[in-house]
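Engineer: Protein sequences, first through last, are from chains A and B. Take the first sequence: its letter number 171 is residue 171 in UniProt numbering, and every next letter is one higher. Take the second sequence: its letter number 81 is residue 81 in UniProt numbering, and every next letter is one higher.
Keep in mind that the hints were calculated from the coordinates and are not lab data. Errors might be hidden in some of the hints.
[What the hints assert, rightly or not] One-sided and incomplete, this derived list gives chain B residues near chain A with beta-carbon spacing under 7 Å:
| hint | residue |
| --- | --- |
| 1 | GLY25 |
| 2 | ARG40 |
| 3 | PRO159 |
Here the structure is a predicted model, which is why all the values come from computation and not from measurement. All C-beta atoms, glycine included, are put in the ideal place defined by N, C-alpha and C.
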Amino acid sequence: MPDTLFIVVVEGEPDRAATVLDALAGDSVSLRVIEPGPGLARRIAALQPDLVLIDAANPSRDELEELTLASGPLERPVAIFVDRSDSQMTRAVIEAGVAAYVVDGLTPARLRPVLDAAVARFGMLHRMRTELAQTRAALEERKLIDRAKGILMRARNLPEDEAYALMRKTAMEKNRRIAEIAQAIVTASEMLK
Amino acid sequence: MSRAVDLSFIPLLDAAPLIVADRMGFAEEERLAIRLHRARTWSMLRDMLALGQVDAAQMLSAVPIAGRLGLGGAAVDFETALVLSLGGQVIGVSPALADDLRGAGLRIDFRDALAARDALLRARPAGLRFGVPFPFSMHAELLHLWLGDMPGLSTVTVPPPQIAEALLAGEIEAFCVGEPWGSSAVSQRLAELLLPGTAIWTAAPEKVLATRRGWFEANPDRGGALMRAVWRACRWLDQPESRATASEMLARDDALAIEPEVIERALSSRLLLSATGDGVDSPGFIAFHDGAANFPWRSQAAWIGRQMSQRLRLDADAAMRIAQSVWRPDLYRQHLGDVAVLPAASAKVEGACPQPILAGANRGTVLLGRNQFFDGRIFDLLPGG
């Protein structure tokens, strides 16, 4: 079916892949998910897709750059959608954290709805991941501060609130974050064991 | 601080000039604040620079030239006013291929590119797949120069952190990559080092400071401060007494996040070829400053343009002309005239200096580093001139 847009999505995590597929599915679209890993460019080239979508932060992304040379630079050019014509769309694509490689010859009219959907969904995934990372980091810091507090309580024979107040005061005086002070205490105490 | 620049880097040894310019206070001396942004892939770093998310970036020397030639996945228009480093690449092979090379009579000395080439041709008569970090890179050009006529040779793009996996999967048998990734594969016992990049070309421009075309003209004040800070960082990095401090600084989690010992190997030009072997000295393994390393010679750009045109079947004369316009020795002269000794010429004969040589300069002379290709060839931009 020549009217069907064949899209390959490069994504290793099944949940994320499913989310992207849901957003892109349609009558005139056929989709395929492949995992990043050795030989990625060769595997994609063999499929001959019209469009390749990949998380812009995916460490495998540089392999796709090779597709631009797939069979000589002038015979079958594959170019990122970041082209010369639509800088607003380009910015939206980049900020959503998706990289799109399209086969030259696809009209913007056909691409636009697909890319709009991809941008929306990748953007959402990107935000979710950032929030998750922040939550994790906050949790780690919490644990670290608790450990440092315990060390101070034992070493200086302080009650809990005073141990915390001491760390906070030191952090303010040294212009550092409490987590950094806590890390220093934990590291030093491990060395002094 | 009154002015700031955003810089992007990839965690590699040769990101050092940007990190050092910030951490050692060279930027502060210029009343310039540097905000560093770490990127994970070259495509992403290129997009960040192209879209103005950063002002300047550590870039593969071939990328601005490829961009101007219309190659690659994004339309970009960059230029190069300063070279950040020469060399620093290693060529490594799987342990199985290393054994086959020894079986073909090679004594791996990390020096002789002709002997290594002969052994490779004997050990893999049907060719092999080489991993490089990016299709437009000095790594790809060095390989092509060294083995371009080898039957069945192909290069594939492998992001450096995935080299170990690609070797294990049999996707590649050999690779050319920037430190510390070669040494990292060695310490995982997945590779042995065969040659430094300098064995193929002693003075290959590896990374450059890239900006969007016209950025320096639009930001002469910040641009000049950035150039001077980075140039002083490069000078500091090439002083032997800086190595230990630089290794510690680069090892930190917000820079390369790798053991300082591995970084120091490359900085002190003493590399481990295999996990069980001894260190081997490789003088001049990487240069950040010495031998007029920072000057963007038009002849270097022309060489890259010509090699790329041969590999990708483009018009050679046009490619050389366009490539030269990407490198901006005039900006280097404008912004570093007060601090650096400037060579009188902006092009040199590449490959014609078996030993360092003195050349004319604005103040006395300037020492040019060794410049030799593995087979003794010479690249003269102006034949007869």
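Engineer: If a hint holds in the structure, say so; if it does not, say that too.
Structural biologist: Now for the hints, and whether the structure bears them out:
Because the closest C-beta pair between GLY25 of chain B and chain A is about 17 Å apart, greater than 7 Å, the hint is violated. The criterion of a C-beta within 7 Å of any C-beta in chain A is met by ARG40 of chain B, whose closest approach is roughly 5 Å, and the hint holds. For the restraint placing PRO159 of chain B at the interface with chain A, the shortest Cβ-Cβ distance is roughly 5 Å, inside the 7 Å limit, so the hint holds.
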